[in-house]
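Colleague: Chain by chain, the residues:
There are 2 protein chains.
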Amino acid sequence: MISNHFARRVQSTKSALCAKFKFEPLNSTTYIKNILKEVKAENYENKEICVNGWINQKPTKLKKDLFQTKIRDNNGSVLTVIGDKAQLKGIQVEDCLQIKGSLRLRSNKQFSAENLEDFEFKLSNLIILNKVDSPVPSYLSTLESPDLIQEQYRFLQLRSSKYANILQTRSKLKNLIRNYLENELNFTEVETPLLFKSTPEGAQEYLVQYEENVANKSNLYYALPQSPQQFKQMLMGSGVSKYYQFAKCFRNETLRKDRQPEFTQLDLEIAFGTGKEVMKVVGDVVNKSWRNYNGKAKPLYSIGLDGKLAVIENESSIKRFDYADVMTRFGSDKPDLRIPIKLINMKEFGAKAGLTNPIFSNFEIIHLPNMIKSEEEAVLLKKWVLNKEHYLDQSRKPIVHVMLKEDDVTFWNEAFAKIANIESPKLVTKSLNLKVGDVIIGSDRESDSFVFENPTPLGKIRNILYQSEEPFLNNYLKENFPKIDTDIVSWVVNFPLFSPKVNATNKRVLGYPNYDTGLVESTHHPFTMCHLAHLPLLAKQIENEVNLRELLFIKSQHYDLIINGIEVGGGSTRIHDYKLQSQIFAKFLKIDVEKQKELFGHLLTVFKMGCPPHSGFAIGWDRFLSIILNEKTIKEVIAFPKNNRGFDVLFGAPSKIEKGD
Amino acid sequence: MISNHFARRVQSTKSALCAKFKFEPLNSTTYIKNILKEVKAENYENKEICVNGWINQKPTKLKKDLFQTKIRDNNGSVLTVIGDKAQLKGIQVEDCLQIKGSLRLRSNKQFSAENLEDFEFKLSNLIILNKVDSPVPSYLSTLESPDLIQEQYRFLQLRSSKYANILQTRSKLKNLIRNYLENELNFTEVETPLLFKSTPEGAQEYLVQYEENVANKSNLYYALPQSPQQFKQMLMGSGVSKYYQFAKCFRNETLRKDRQPEFTQLDLEIAFGTGKEVMKVVGDVVNKSWRNYNGKAKPLYSIGLDGKLAVIENESSIKRFDYADVMTRFGSDKPDLRIPIKLINMKEFGAKAGLTNPIFSNFEIIHLPNMIKSEEEAVLLKKWVLNKEHYLDQSRKPIVHVMLKEDDVTFWNEAFAKIANIESPKLVTKSLNLKVGDVIIGSDRESDSFVFENPTPLGKIRNILYQSEEPFLNNYLKENFPKIDTDIVSWVVNFPLFSPKVNATNKRVLGYPNYDTGLVESTHHPFTMCHLAHLPLLAKQIENEVNLRELLFIKSQHYDLIINGIEVGGGSTRIHDYKLQSQIFAKFLKIDVEKQKELFGHLLTVFKMGCPPHSGFAIGWDRFLSIILNEKTIKEVIAFPKNNRGFDVLFGAPSKIEKGD
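Taken in sequence, the protein lines are chains A and B.
Under numbering that gives the first Met the number 0, think of the first position of the first sequence as 0, with each following residue one higher.
Under numbering that gives the first Met the number 0, think of the first position of the second sequence as 0, with each following residue one higher.
Don't take every hint at face value.
Identical copies look the same in the list; a pair holds intra-copy or inter-copy alike.
Each computed EDC-like pair below joins lysine to aspartate or glutamate, with the alpha-carbon atoms no more than 20 Å apart [stated by the list, open to error]:
(1) Lys39 to Asp515
(2) Lys295 to Asp484
(3) Lys173 to Glu183
(4) Lys171 to Asp146
(5) Lys596 to Glu544
(6) Lys196 to Glu252
(7) Lys19 to Glu593
(8) Lys171 to Glu183
(9) Lys21 to Glu47
(10) Lys539 to Asp406
(11) Lys287 to Glu37
It should be emphasised that the hints constitute simulated quantities derived from the structure, not laboratory data.
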């Protein structure tokens, strides 16, 4: 008896189980469009079509025994489906199925293979390949859900057309660039190791245990690389002529805004290559990317010789800014050129700052005419601009001076008395045409050719003003200082080779950068080459007692690519000379020969053995893609991102592992 | 005075330093060939040519004030260079330089732009871009150096034409395959995370500390993935239709032969895809790779319908073997089909094994006629075949019976008395035509349809015989059983879904696999789907008490790709049904619901929410490339491999990091 009973159950299991494993290969709306293009307009109704996809909307009753639902394919495209009760009974959102049937044109529509929304799909057959067994999908489809839920059900999000498009664009764009680099420019893709050696900036590293056992005995660790920098320089010394790679990089700094613990970088390096060559390759990659895949379908702009915006045609039409220029004009080495707000240096009006900190001897302001109409608005403005969230790095706040009455205009300079003496405030009042209702935001900064604080307080304010959700502020900016509605690219070059060293433990004192007297650090990394014209000056510093002012004057062959105020990538011509590299370590970076060997011995060795001159670059791929696709965070362009605590909620990483003893 | 002194030194530094930073962009022999093709044969001598490269050979004196040297470019190509003493004085091996000059045809040679070795390069100008400051390069160039030195100076190795070709082929082949998958087949490349969750097979994982500090407090760890298996299945549930990726994978098992802690795998998965579809894609990828990049310039063979070797034209001409078939015929699920040695099952002669272990009831032999001419050879043969190095896994040795005299022939069966009774040994003697000088190697194994020991002792011996360096053995095999000199590919399919579970701590008893009575494990991984025809049988096992014999009979939809006896890749149709997956975990793999949720909750969740049926595959990319390029180890096709202790000697990873407390 029992065996008979089981036999029946097995039998029913058989048909139920097997059904969901029998299906035809993937068909999508793209495939339907192709079919429609092939058959004649009058014949399409006789064509049986098979589609795989997911239920996008619960079936609704049209009339007796006629139901309508929507099916979504793997491109996120949606098709209207008509069927009877028997076919659509019990169908739920996100059920995965295969349907067969034919297309009918809706009334009053013209036949076009492109507009599938003008058709209805008349069901002849439906197979459920996987029935949803959870309330979550329908819950999510009707609710704007909180972040945590979204993270947990990322796979449901990814089924939409938005993310299908993002993933496909990411893939296609990489392929476009690979073909350009490999086939047109003869680059070789080389995969470099991910189990790397720990480097001195260990705080940002992820450490990997060498042993299998958690109860690690030997204290041996690999580190995941922050970039393949040292590997690619080694490849140059290995005879590779042009290297590239979409490289996985790791930074243990998840708490910083919109960072991911692991990210992708388009990394390249050219042996016997100059900065000029590298910039040409990078500029062309950027231009090609925009022209093929910019979601906003707008070309990329830069600033022409006449100072006006112009569509870039190739790399040579990308504006090159000097570091000193952008620091004084925009208070940042990655200025958002879409923002029209200007910084005014008050030096021309005889202003002298440096009252609190003598190095910070320049006084600069932002003038916002006719901004404030009430006390209330003044409070709101200050609340936003001086919000402590913007100053978590302990940097100093600027002074916001709102002129609500005539005295505020006449004696405007008194608001800034703590940081600057203004010789002739009235000249300023007249020259800038200051009036009641105007706002001046002011701060001190370092002198023009030596601005190392980055961004300066006002450089920061330029961006902060546009991040507010305060309606009066938004309206004011929209009317008076509207952000330019195009993507703008530029180079920043001529960085100082060294910067004053900021104290590692106390980075700020009274809001000012706390420089360790007389010490410097590499502005980018220690492998960056200086300008050839400055090489004699560098040699002088190496051989004599260091003159800090002269040392800081030396410019590097580093170049940054900036789009919309975001540093998309950077690169440089590197040092390939053993002696020069070693001297820079020893004399300026205070790394003695023993320590050099321990940390960078492999590079010094290859420099000693015929490493050619070389230059390279890296583009932050996730960031770059998010700008092209107009997405606010890099999370949007990564299939399975971690959250800002470094957790992958969907897969449950990291997880707890008990240590032995 | 001092400043004058310094000024002079600075001056000299200036010219010396600057010279090596001034150069023209990369030019190689390819570029020279192109120039030669452009200019007319009579004009080439007037053409100034610029080449960057390395000194390949110390200058030698030809006659008074005329020296000859060789320069090697970034493709590893070598050019003969002629110059005077002033130009070539002090030039050393591996000096990196730029030369200018023109080409002269050597006497008695015909002009051809392709044969650069027929030309001499007449120096007009030479710039040393990096002078070698180490004795190592010239030391290495004159010496076959030991492994450690080679590892330490990998970059010098990579400058040779051999490695330039390997790196370039790796890059080009990947690009070929990417274009095929993306442009012809509409695959989407998706990057999946490398900071993954630790999984139960933790012993093979690399653990990554979540915290920055080595003195880890929270016990939170990521694990580096052994493959993107779970990510790609999640992508199928995320609406991606065809996924692929050259994925970085990690296995903490460096002590195994020719393994690397990190390696690359061509990973792919197709939603609504069947095994047939996947196999077609993989077969075509393999065929295309061989046709474009096989270093030996020979096509790939498989076994045709007539049982004979035939060049494969497409995937459908790749032979499909049943698992049971290869295990009984070749004693391995990755048989090297180039080896003509056959295993003879003695069942037909009435042999009965199972004397030591009743499960191992079959007796099989290898017959090597006319092999041994002396006692000495007998000893050498046994020494090699029975060498304990081959049995480090504690597996049992076969019995080697050398027939040196008539009695050894007549009573041959006595040599195997411990493992098998042979009903009519004389029938065997006659049938196999046994003679003095013949060798029989014999062992017992499991019965034909249930061979799980893999390889069997004789399956192992087939390969071991060819790995010896013993001249008499080599000669014998070369004359009597020569290995076929072509690359041979095949599929192995119809694997059992489950295998008897081998005891985790004592894997072998008396050389036999030590199965845990009544327990099974997934033959591949727990996500593998069974044959649809066997689904009712599986359902029966789920619902009733398990019948081990029936359970082990169930075949999976797994498929392995084998080339030259090496498993190049494997794949399967996966389970996409929540209930079936959960039941398999619970009933057969003894993972209760709580534990399932902890380990695989993310996959079970997506299975519950409309995950489509899907099938996929992974090719071990390094291994695949090493076969195509005819390299013996995967180290050869990796730019910076680790050694077999997992150390990167060049970069010095891993390194010691002291733990805080």
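Colleague: 20 Å Cα cut-off: does Lys171 pair with Asp146 within a copy, between copies, both or neither?
Modeller: The answer is neither: 29 Å in one copy and 42 Å across copies each exceed 20 Å.
Colleague: State whether the alpha carbon distance between Lys39 and Asp515 is at most 20 Å within one copy, between copies, both, or neither.
Modeller: So Lys39 and Asp515 fail the 20 Å test inside a copy (78 Å) and across (65 Å) alike.
Colleague: For Lys171 and Glu183, with the copy left unspecified, which applies at a CA distance of at most 20 Å: within, between, both, or neither?
Modeller: Answer is both: 17 Å inside a copy and 13 Å across each meet the 20 Å cutoff.
Colleague: With identical chains treated as interchangeable, where does the CA-CA distance between Lys19 and Glu593 reach 20 Å or less: within a copy, between copies, both, or neither?
Modeller: neither (66 Å within a copy, 26 Å between copies)
Colleague: Please work out whether the CA atoms of Lys596 and Glu544 approach to 20 Å or closer within one copy, between two copies, in both situations, or in neither?
Modeller: neither (24 Å within a copy, 66 Å between copies)
Colleague: For the identical chains here, do Lys287 and Glu37 meet the 20 Å Cα criterion within one copy, between copies, both, or neither?
Modeller: For Lys287 and Glu37, neither the intra-copy (33 Å) nor the inter-copy (30 Å) Cα distance is at most 20 Å.
Colleague: Pop the pair Lys196 and Glu252 into one bin, within, between, both or neither, using alpha-carbon distances up to 20 Å.
Modeller: Answer is both; intra-copy 18 Å and inter-copy 19 Å each pass.
Colleague: Between copies, within a copy, both or neither: which fits Lys21 and Glu47 at Cα up to 20 Å?
Modeller: within (18 Å within a copy, 69 Å between copies)
Colleague: Pop the pair Lys173 and Glu183 into one bin, within, between, both or neither, using alpha-carbon distances up to 20 Å.
Modeller: both (15 Å within a copy, 16 Å between copies)
Colleague: Cα distance capped at 20 Å. Does Lys539 pair with Asp406 within a copy, between copies, both, or neither?
Modeller: neither (55 Å within a copy, 93 Å between copies)
Colleague: At 20 Å max between alpha carbons, let me know whether Lys295 reaches Asp484 within a copy, between copies, both or neither.
Modeller: within (11 Å within a copy, 57 Å between copies)
Hint violations for this structure: numbers 1, 4, 5, 7, 10 and 11, all remaining hints satisfied.
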